[in-house]
Amino acid sequence: MRTVVSLTLIVIVAIGVIVSLSQVPVGAEAARQEGRLDQDGVNFGRYYNSRAVEETGATNVVASVVVSYRGLDTLGEVAVLFIAALGVVTLLGTKQERKAKREVEQASLIVFTGCRFLFPLILLFATYIFAHGHLTPGGGFQGGAVTASGFVLIYLGCRGRSVGPKQLSATESLSGLVFVMIGLVGLALGGSFLLNFLPRGTTYALFSAGVIPIIYVAIGLKVSSELGSIVGALAGEGE
Amino acid sequence: MSLMESYIHYLGSFGLILIGLYVVLVKSNLVKVIIGISLIDTGVNLFLISVGYIRMGTAPIFSRTAIAPEEMVDPVPQALVLTAIVIGVSVLGLALSVAIRLYGHYGTLDLRKIRDLKW
Amino acid sequence: MVSPIILIAVPLGLAFLTTLLGLLSEKLPKYVPAVAMAFNLVVSIRLLPRALQSPIVARTAGLSPPFSIHLVAGPLGMMLSVLISLVGLLIAIYAIGYMGKGPGSRYHALYLLLLAGATGVVLTGDLFNLFVFFEILCISSYALVGCRGDKPGIESAAKYLIQGAIGSSLALVGIGFLYGLFGTLSMADIASNIASVSPMAVFISMALLVTGFGVEGAIFPLNAWLPDAHSSAPSSISAILSGIAIKAGIYAVARIVFTVYGAEAILVFVAVVGLLTLLVGEMSAFSQSNIKRLLAYSSIGQVGLIVFALGLASVRGVEGALFLVVSHALAKALLFLSTGYMIYRAGSMEISSLHGMGRKMPVSSVCFTIAAFSLIGLPPFIGFPGKFMIISAALAKADTLFTVLIAIGLLGTVVEGAYFFRIVQGLYFKEAPEGAGTNPGEDVEAPLSALVPICVLAVAIVAVGVCPCVLTRYLGAAAADLLDKAAYIRHVLGV
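Protein chains in written order, with my numbering: chain P, 1168 to 1406; chain X, 358 to 476; chain E, 242 to 736.
Each hint should be verified, as a subset may be incorrect.
Lysine-lysine pairs mimicking DSS-like chemistry, simulated, CA-CA at most 27 Å apart [to be verified]: (1) E:K638 - E:K726; (2) P:K1333 - E:K268; (3) X:K389 - E:K392; (4) X:K384 - E:K400; (5) E:K601 - E:K671; (6) X:K389 - X:K470; (7) X:K384 - X:K470; (8) E:K392 - X:K384; (9) E:K400 - X:K389; (10) X:K470 - E:K392; (11) E:K400 - X:K470.
Worth flagging that the hints you see were computed from the coordinates, not collected in a lab.
Based on the sequences and whatever the hints tell you, model everything.
Pasting the structure below:
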């Protein structure tokens, strides 16, 4: 009964979607074909692509959009991940509900050594990704996710070892505070939150684009510690 | 051919969303419902990215070889999708931990049996 | 010159600080949300006079409005921000004593983030930013509903989470659709260009957005999660959810329908849906025996009345809706807070176990009675002017449809009166049941940390009820902020 009703509903929605999509032009490609792309009221990224380098100094336009033009969204997103980490630890961490720790079977020597060898390389790669976020594809979130995959490797391969939950919690709080502080300093100095108050520098250099690399480092640390604590809580480590 | 070519991204993303919606509505195992939510999120993200796509466009990153800004795709949907993926992951993490605790309390993940709170 | 962005940035920063403090000390994190909300209250009140004259448009990153995120702190946004910080402050003080050792600093960080998200929702002027702050609000409420880890809490959190996640995805599809049509995300920019696309595109995106944001705003078919979630959460969380979170959802829907779309045509539909919500809520509440579930259904009913009043689309109607928003937030928060300790003393949430509390916990019972009478709409309390405004606005429309609808709405109020009188009668005139609750030796009044916010709320309800001019002075500008689309666009983009 429920299957039939749901299937009819979905078929109706699908037909509606196809009918409407064929009549309503949606997207940048459609706008380009209609010639609307260069009009004044329509944006579709033209403004950002042409002005981002001179306004923010970052050659990765997506990075300047994420941190500068829409920086408040990024702050909100970082807060959402913080909420998830807190929520997961709160829901899973109650001591009395947890069964006694099972005997942890050690992984074989090859797996163990391989994981130990790979882990610092993964961290190095992740650091490269978020340090160069303003120049090449990448950035804080991507680098943080790669670091978290390194943590998953440790939980899976080197069983019994874990990253300390208190250190992760401290890292995520501190880097969050750094992000908000940079924004407030921008507010105090220039009158608008998240103002890019450091000098632009020369393009294509590592230390360029004002506060963007600093914010990306803070985001990278925060995301890696948050994803690490989520994965750790789900894997059964607790306080 | 022209319709399919222009709209293949949109059709694909809506297909994913509808499949995810079907899973959420019909399946009774909580983990399958969570997978359905994840499918819906993936479909929505794909839809958002396709909105900014320009044919023969290239990534919005300036490098040493000169690229005209008109050839680049729109960077804003990519920033939106970054945020949306992170929000989706957060919801997924919370949902999985809720599922773990729910299993601990009820001993089953069948949503038809988890009905303590009735009218 | 203070920028409204600190109303969001400072609570976010302090929330990050709370977990850090939790690592260092056990006692400090409890006080951080109260401090943050006191700060917000002071700043909001200071910014309110300026916002009343003309909306403060705050940019971020030093770049100009349609291309960067901007906050639009108009009279409506500032008024709601004052309400959020006031109610948030009082509930934070209550939670200092109410939340025991269990969740610790994480509860307080999540609570502060919920309030920061709500403040962000009412202050922003950008569509995707609205979505992000809305998600902060929703996800922290999912975590807070389940934070005690007990069986009903986890079950409610699961249902709430699934429905909320689907709603958010739908809203995101709507936002993607709008971006695909217009190429911009600023609400003022979309509003000024809305006439240039076909009605079908407008309809699809509006349906998606209203459904997505309406899940949190508890509009009729989308509110299946609410009775479970609000009744199984800890009392302070029920209070903040019923008082503030639903209002933020309704604000998001109202801002989109009125300002971005300016759609007068669907407002009749909105009014009918609101009335349906009212009826469903009140009828369901009447048959409940669990006090918190009853209060949750009553919230649904009141939200239905607010949506109905918004659907009237006249200045008087919107003013009435806003007045009702304030009065319901205060009254419902007071109801949940006062029953919090009563439930703890009695050991159960059944109404029959609360009989006789009038003698054992006199202050809490008096405040409960004040809040209940205010919710029904009796004269010396704050509920009366609100309902009166809505009724006169509906009659002023001189349309038989609305007269019939408001008559049905009054029926809902009568039902509401019936069940609240039954509870109050039970509190004072019936004997406590045989067999003590789980805390037999403590038949005393609630501790001071709970009594202070309860009494402050009760005094506010009586004070504003006696002279509603305190509130109505600001309502005219706030209603105009919502209804006058052209003025909004002019303030953000024009000069």
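The hints, checked one at a time:
no.: 1; hint: E:K638 - E:K726; result: 21 Å, holds
no.: 2; hint: P:K1333 - E:K268; result: 18 Å, holds
no.: 3; hint: X:K389 - E:K392; result: 21 Å, holds
no.: 4; hint: X:K384 - E:K400; result: 14 Å, holds
no.: 5; hint: E:K601 - E:K671; result: 12 Å, holds
no.: 6; hint: X:K389 - X:K470; result: 15 Å, holds
no.: 7; hint: X:K384 - X:K470; result: 13 Å, holds
no.: 8; hint: E:K392 - X:K384; result: 22 Å, holds
no.: 9; hint: E:K400 - X:K389; result: 14 Å, holds
no.: 10; hint: X:K470 - E:K392; result: 14 Å, holds
no.: 11; hint: E:K400 - X:K470; result: 13 Å, holds
Hint violations for this structure: none, all hints satisfied.
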